[in-house]
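Respectively, the protein sequence lines represent chains A and B. Here the numbering used here is used: the first residue of the first sequence is -16, the next is one more, and so on. Here the numbering used here is used: the first residue of the second sequence is 56, the next is one more, and so on.
Calculated directly from the structure, the hints in this document are not laboratory data. From the three backbone atoms N, C-alpha and C, an ideal C-beta is built for every residue, glycine too. Keep in mind that the hints are not guaranteed to be accurate.
What follows is a list of derived Cβ distance ranges for each label pair [claimed, not checked]:
# : chain 1 : residue 1 : chain 2 : residue 2 : range
1 : B       : G494      : A       : T107      : 26 to 34 Å
2 : B       : W422      : A       : T192      : 49 to 57 Å
3 : A       : P26       : B       : F247      : 55 to 63 Å
4 : A       : G190      : B       : Q125      : 24 to 32 Å
5 : B       : A402      : A       : P26       : 38 to 46 Å
6 : B       : P372      : A       : D72       : 29 to 37 Å
7 : B       : P397      : A       : P16       : 55 to 63 Å
To give a feel for the contact side, a few chain B residues facing chain A, derived at Cβ under 7 Å [unchecked claim]:
#  : residue
8  : A142
9  : V320
10 : Y325
11 : G329
12 : G332
13 : P336
14 : P424
15 : V425
16 : N427
17 : Q448
18 : N504
Residues per chain, in single letters:
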Amino acid sequence: MTPLFSALSSVIARRWLASVALLVSGVACDRLPGAPSSSSAPPRGSPQWTLATFDTHCRGCHSMADEGASIPLMDRSYWTFASDAHVIDATTNGQGGLMPAFLDENGGPFTADEIAALARGMRTQWGGSVAGSIAATYTAGNAVAGGLVFAQSCGSCHGPTGTAGSLLDPSYLRLVSDQGLWASTLAGRKALGMPAWNEPMPGRPSGLTPGEAADVVSWIASQRPGGRGGAP
Amino acid sequence: MRFLAGALAWLESRSGLGAFIKPLMSHHVPRSATWWYVFGSATLMFFVIQVVTGVCLGTMYAPSAAEAWQSLRYIDKEVPAGWMIRALHGWSSNAMVVMMAIHMLQVFLHASYKYPRELNWITGVCLLLVVLALAFTGQVMRWDQDAYWGLGIGASITDRIPVFGSQIRDLLLGGPIIGGETLNRFYALHVFILPGAAIALVGLHMALIMRHGISEMPRPGAPVRPASYKKEYEERMARDGVPFHPDASQRDMIFCGVCLIALVVVAAIYGPFGPGGEPDPTLIDTNPRPDYPFMWLFGAVSLLPPASETFVMLVTPGVIVLALFLVPFLGNAGERAPSRRPVMVLAAAFAVIAIASLTWEGLASRWSPVMNGWSALPTPAQFVRGRTPLEMQGAVVFQFAQCRNCHALGGSGGQRGPALDDVATRFTPEQLTRQVQQGGGNMPAYGKNLSRAQMDAIVGFLSTLTPSYETPAAIPGAMLPLPISSAEPAPR
């Protein structure tokens, strides 16, 4: 026994060795950080499943109030008017414009059951109940009356010379479907400065009425080049 | 007590075990052999751990394509401490490769391979090849997506060998494709053939160490002279050497003990490797990558210009192995001290830096697109604030056309192409249009995939990507809609 060896063995107390042995011996094994987690994938419809699915497939466009380029779904405003049936239809078949269809039969990644579970899960996560004061699906209104609404309210920001950028840009109107215009008008983008349909806006301290909303969307759609005015 | 002594004496007289072991323990080693000499022993310790844990796993692993993946899940979840055995086996294999590389580097820098120890080096190089083969076949044992695609890449490299390529591939895979027989062949390699070869080579390596003794620490001005080296070495050992046990072995044991504790801690914290997703060739949404010992190769192969691939993949490994075999014959006499061998020290430094940086490249694998970037990574807040409706639609088109899979915004997204946070400071709208339409510089052309309106929108969005974007002041009359043809159908 050399000095180095005996010095070392006196440093290492027996109790310490015993605790290392216990650690290795599998008694505490399953509580170590390296142990594979025993839970498998979260069940469909659970909050974890909803969030994971949303984060992989939806969040690129539909994120939080102040980020993401399309209508934020992690924000209450959309859910106040979008019924489950409407969300399921939009996810299943796409929405014209750039929103693709997500049903497997339509080339997407989800089954019909998964889409329904996702719609319910998202509402539980961010939505709450539908207010029911306006329909989620667009129905054409009176485009002529809508022109006046636009001039009085929307146009102050979104007119040809508006500070928030013109809504009448022909390329923009080509990319957005009538339903897309409708959903954007209803949901607004409050974090970016645009009020929802029933919130105070220039010229209309108590927001739009459902009829005015339909009229103004009809008028905006009628400005789309190519003669497609109003109704989808 | 007397009975025990009698029994031991009987065993000794019949087997001669003690007479065999005693000179192994008491043979003289140089006094100068200090902490530099512990790496070989640590490599051997990791090999023993591999054998022990490997035998344990062999009792539970099902080497069939249909059951292998499930049996690993079983070992991880159901067998008490089963995951720990897998973690030890996996981490110990990496540690063994690293320790072996360090040992080899030390032998190279100290020129211990010079006369008369050329064969020690050559058996060592053979051991390196066997251990790397064990590491590769071990990854196949996991039988997950990494294993499947790793094999696929290995098989297609084999396929490029001229004339005999397809025969060698068939021999390895048990047919032209990865199938049921493939796993059995690699299992036989991993648990019988390669460990057998490794044990034989370790035995030979040790026998050669005993035959020639451990080399002394190199001293400048003390060159190796083959004519007189052996005689002088033996004289020095008799005069100045110390017994291997306990003088040298205590350092080996302390270092091995530290390595063992480190191994157990790492295994306990980081757990076993894989298995990843099931090996399903129809799942292309995967990012397979090799284990650490081959990460540098992955980096090197991925960065090669396509035209040079076959040549580099087939010729370079042969050249490297040949060079390693030739090391002791290029200079087996003369100075051993690193200070007198600057070229060799530079060569070692080059090898270390090359392997380290290629491993880094392989780990980052910036050439791989982030396949779900377009649907998972939202446009960051600073890039949507203050944008016009058209520019916002451009940001949607940016996601829709999957630009994000290769281009990062706000630090997230693919790294295959440049980050676009400030692209508007480098490109005018006209240049952006040209780049998106025609591609170039490794980027595909999107001209045929995007409508004119989509192109307008995406260029509009990209033109706002500057470090401190603010909405341009409105100029009355400047933003009137331009006349535009009605050839394109409007969306419903």
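Results for each hint:
Between G494/B and T107/A the beta carbon distance is about 43 Å. The supplied range of 26 to 34 Å is therefore violated. Remark: the range hint 49 to 57 Å for W422/B to T192/A is upheld by a beta-carbon distance near 55 Å. With their beta carbons about 43 Å apart, P26/A and F247/B fall outside the hinted range of 55 to 63 Å. Distance hint check: the CB atoms of G190/A and Q125/B are about 59 Å apart, inconsistent with the given range 24 to 32 Å.
The hint said 38 to 46 Å for the Cβ distance between A402/B and P26/A, and at roughly 58 Å that hint is violated. At roughly 57 Å, the beta-carbon separation of P372/B and D72/A lies outside the given 29 to 37 Å, and the hint is violated. Take P397/B and P16/A: their Cβ atoms lie about 46 Å apart, and the range 55 to 63 Å is violated. With its C-beta approaching chain A no nearer than about 6 Å, A142/B sits inside the 7 Å limit, and its interface hint holds.
About 9 Å separates the beta-carbon of V320/B from the nearest beta-carbon of chain A, more than 7 Å, and the hint is not met. Below 7 Å, beta-carbon pairs count as interface contacts, and Y325/B has one with chain A at about 5 Å; its hint therefore holds. Interface hint at G329/B: violated, since its Cβ lies 10 Å from the closest Cβ of chain A, which is beyond the 7 Å cut-off. With its C-beta approaching chain A no nearer than about 11 Å, G332/B sits outside the 7 Å limit, and its interface hint is violated.
Interface hint status for P336/B: violated, as the beta-carbon distance to the closest one in chain A is roughly 18 Å, over 7 Å. At its closest, the beta carbon of P424/B sits 14 Å from a beta carbon of chain A; the interface hint therefore is violated under the 7 Å criterion. Given hint, V425/B at the interface with chain A, is violated; its Cβ is 11 Å from that chain's nearest Cβ, farther than 7 Å. A cut of 7 Å between beta carbons decides the hint on N427/B: the least distance to chain A is about 6 Å, and the hint holds.
For Q448/B, the interface hint holds, the least distance from its beta-carbon to any beta-carbon of chain A being 5 Å, beneath 7 Å. Hint status for N504/B: violated, given a least beta-carbon distance of 13 Å to chain A, over 7 Å.
In the structure shown, a violation is registered for the earlier hints numbered 1, 3, 4, 5, 6, 7, 9, 11, 12, 13, 14, 15 and 18, in ascending order.
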